[in-house]
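Colleague: Chains as they are written, first to last, in the numbering used here: chain A, 1 to 132; chain B, 1 to 186.
Among the hints, a few may not be true.
[To be verified] Among chain A residues calculated to face chain B with C-beta under 10 Å, some are:
hint : residue
1    : 31
2    : 32
3    : 38
4    : 39
5    : 40
6    : 55
7    : 59
8    : 70
9    : 72
Treat the hints as calculated values from the structure; they're not laboratory data. We put the CB at the ideal spot given by N, CA and C, even for glycine.
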Amino acid sequence: MNKMRQPDADTPRARLDREAEALADLHRERLAAMTAEAVSGAKRPRRQPWRGWVSAGLAAGLAVLAVGLAWRAEMPRPSKMAVLQPVAPRIPEWVEDDSVPVSLLENMELYVWISRHAATQPEKPPADSARG
Amino acid sequence: MDARFETDLTLFLRDHRAAALKFATIRLHDEQAALDVLQEAMMGFANAASRYEQDAWKNLFYKILMRRITDHQRKQGWRDRLVRIMSFSQFASSDEDADGVGQFETVDAEQADNVHGASELADAFEMALEQLPSRQQEAYLLRQWQGMSVAETAAAMGCSQGSVKTHLSRAMTALRDQLGEWIDRT
Numbered sequence: 001m002n003k004m005r006q007p008d009a010d011t012p013r014a015r016l017d018r019e020a021e022a023l024a025d026l027h028r029e030r031l032a033a034m035t036a037e038a039v040s041g042a043k044r045p046r047r048q049p050w051r052g053w054v055s056a057g058l059a060a061g062l063a064v065l066a067v068g069l070a071w072r073a074e075m076p077r078p079s080k081m082a083v084l085q086p087v088a089p090r091i092p093e094w095v096e097d098d099s100v101p102v103s104l105l106e107n108m109e110l111y112v113w114i115s116r117h118a119a120t121q122p123e124k125p126p127a128d129s130a131r132g
Numbered sequence: 001m002d003a004r005f006e007t008d009l010t011l012f013l014r015d016h017r018a019a020a021l022k023f024a025t026i027r028l029h030d031e032q033a034a035l036d037v038l039q040e041a042m043m044g045f046a047n048a049a050s051r052y053e054q055d056a057w058k059n060l061f062y063k064i065l066m067r068r069i070t071d072h073q074r075k076q077g078w079r080d081r082l083v084r085i086m087s088f089s090q091f092a093s094s095d096e097d098a099d100g101v102g103q104f105e106t107v108d109a110e111q112a113d114n115v116h117g118a119s120e121l122a123d124a125f126e127m128a129l130e131q132l133p134s135r136q137q138e139a140y141l142l143r144q145w146q147g148m149s150v151a152e153t154a155a156a157m158g159c160s161q162g163s164v165k166t167h168l169s170r171a172m173t174a175l176r177d178q179l180g181e182w183i184d185r186t
């Protein structure tokens, strides 16, 4: 059997192809039935309808978030000064003092001065106001 | 989507079933067993195909087919052992088993009848292929006949590319010894 003669231009692949076709012809009906059965029983590619809804929901959520952030960015921000609570002027002790003359307490300039110098809290009112 | 998948699947199976049947027949030496195994492989493939790209279908199909062939051979091996052990039992005399033996005898008879009609080379080629060890058969049929790449063959056979090359080289050497340079024709 060694080193057999080369009978024709046939190739191993072509020969196998021909033999396969001949074999398939013998069992044509069964092969067709097998194919039909396999295809009819095949699992179809899964449809995932929730995917569309999830994508749409995510997109809508992102859009709402973006609009909210943009709206917030455009809103005028309250200044720091406005946020600070007004400091209630402390009433100087000398106001409560009976020794301070009533005329001084009724002098409007005194209150203007107090409002201007609330933080400094002078011990005594200005001398000229006391005199006036 | 469904209709297209069904069409693609049908066309694929129609294109490959003849070669796959020949492949299984060479591996199992039994046409009826090859048909049964091919049917299982087709159904397994059809169930798995939707999870793969169409480019990978051929590889997947042969992988499943070879797994089914191996399963069949294992079952057959166990059955043969049982028959041998319980030679007096019903297994040995069952109709089913008798059918199996009959098939082999029928195939042999058919082969004997066809000897005169078929060319000497065709018989020699078939015989040489059947005598190869199973892994060498697989490597030769997938690589040389089905035209798969070394990587695809390795993936289908579940082994390394180096093993594919080794199996193929041994197969080609054995076939060349029996068939001469003809086996190298492409």
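Colleague: Sort out which numbered hints this structure fails and list those numbers smallest first.
Modeller: 6, 7, 8, 9
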